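If you count by this note's numbering, then the sequence shown holds residues 1 to 302, one letter each, in order.
Derived by calculation from the structure, the hints in this document are not laboratory data. Note that this is a predicted model, so its numbers are computed, not measured. Don't be surprised by glycine CBs; every beta carbon is placed ideally from N, CA and C. Do not rely on the hints blindly, as some may be mistaken.
Label-pair distances were calculated between CB atoms; the ranges are [what the hints assert, rightly or not]:
#, residue 1, residue 2, range
1, T139, K252, 40 to 48 Å
2, S226, G118, 21 to 29 Å
3, S65, R213, 37 to 45 Å
4, E171, L74, 34 to 42 Å
5, S65, A115, 23 to 31 Å
6, G188, T139, 21 to 29 Å
7, P229, H153, 24 to 32 Å
8, K285, M151, 31 to 39 Å
9, G142, A246, 32 to 40 Å
10, R66, L251, 44 to 52 Å
11, K281, E171, 17 to 25 Å
The calculated DSS-like cross-link candidates involving lysine-lysine, where the alpha carbons are at most 27 Å apart (straight line), are [claimed, not checked]:
#, residue 1, residue 2
12, K285, K266
13, K252, K285
14, K80, K189
15, K116, K178
16, K266, K281
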Amino acid sequence: LESGVSMSIDGRRSWVWDNLRRKKAEVMSKERRQLDNNGTYGTVRETLLRLVPRNSLCRMFCRGSRCKYCNPDLIPDNMKIIDGIYSTWVTEDILAIARPSEEGIERFQLIEQLAKCGVKSIFNLQLPFEHAHCGNPLTEHGFSYDPEIFMEHGMAHYNFGWPDFGIASVEQILDVVKVMQHALDTGGKIAVHCHAGLGRTGTLICCFLIWNRAWTAEQALQHVRSRRPGSVQSASQQSQVENFQAFVESLKPVFDSKLDFDEHLKRQASVLYGLEARVLKNIPKVSICTIQHNATQQVVVK
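Let's have the full structure, built from the sequences with the hints guiding it.
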């Protein structure tokens, strides 16, 4: 704190949370203005999509068998880092892709291409039998490919589905984010897809960047959209990215001297994953930081 200013424990905690809430409100206000000026992410379009029966979505909006995301021949060269599929490196080790197809796997040796790039895990955010009329017919598994074919080539396959243009709860997203981190910790890169690899895929990657890099929702959205334009397709998805930031912040509270040990372990279990979660199941992990104002009256955490 500034020299000569003292606060009680409760006062410091209130001051920190007031600053966090104000920052979140500023982020949401700025992003809302951007939403209002960009029809691609507007609430009118989202409402319309919700009114259309799910089995009619791809016929009305995706052009069915001529879907540009499912037909390898319709994908422009500048939209496919991996030949035969709409694909973008969002970070150096996270690849956003449209849903793979059996045609792409066979015709373009898709699995071999992914392996050559270092991808060892596939994250599938689709629900079975969605977009049944896009591209080629679905397999008996309900997807455009057989997940086992990836596993036969030594790749892990995870299916954490939620509705197209929709959202998952922040708790569910955190669970997926921790699995993503575990997959990256094993030394491999990951590929994330939904249908087009834009809405749900962009939302999840934004949340991962918030959790992994301590970015704000605004920073994550700007980065993902700059790398893969059109990502995070609906107002509710964008709001959920902002909600996820607030949720992660809520798991890192400023405790006073009357810390409840069991409550700390409960909150800690929500954040830790893998080996660290098992080792520290009954042991608190404590991070000490100092909070102060800098010359521009911004919060600085060290």
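Right, here's what the structure says about each hint:
Checked against the given bound of 40 to 48 Å, the beta carbons of T139 and K252, roughly 43 Å apart, stay inside it. Between S226 and G118 the beta carbon distance is about 23 Å. The supplied range of 21 to 29 Å therefore holds. The hinted range of 37 to 45 Å is satisfied by S65 and R213, whose Cβ atoms lie roughly 40 Å apart. A hinted range of 34 to 42 Å holds for the C-beta pair E171 and L74, which are about 38 Å apart.
Between S65 and A115 the beta carbon distance is about 29 Å. The supplied range of 23 to 31 Å therefore holds. The given range of 21 to 29 Å is respected by G188 and T139, whose C-beta atoms sit roughly 25 Å from each other. Checked against the hint of 24 to 32 Å, the pair P229 and H153 passes, with Cβ atoms roughly 31 Å apart. A hinted range of 31 to 39 Å holds for the C-beta pair K285 and M151, which are about 34 Å apart.
In this structure the supplied range 32 to 40 Å holds for G142 paired with A246, their Cβ-Cβ distance being about 34 Å. A hinted range of 44 to 52 Å holds for the C-beta pair R66 and L251, which are about 45 Å apart. At about 19 Å, the beta-carbon gap between K281 and E171 stays in the expected band of 17 to 25 Å. Taking the CA atoms of K285 and K266, the gap is near 12 Å; set against the 27 Å cutoff, the hint holds.
Between K252 and K285 the CA atoms are separated by roughly 11 Å; this keeps the pair inside 27 Å, and the hint holds. A hinted pair counts as satisfied when its Cα atoms are at most 27 Å apart, and K80 with K189 qualifies at roughly 17 Å. Under the criterion of a C-alpha separation no larger than 27 Å, the hint pairing K116 with K178 is consistent with the structure, at around 25 Å. Of the pairs offered as hints, the one joining K266 and K281 holds, with about 9 Å between alpha carbons and a cut-off of 27 Å not exceeded.
In this structure, every one of the numbered hints holds.
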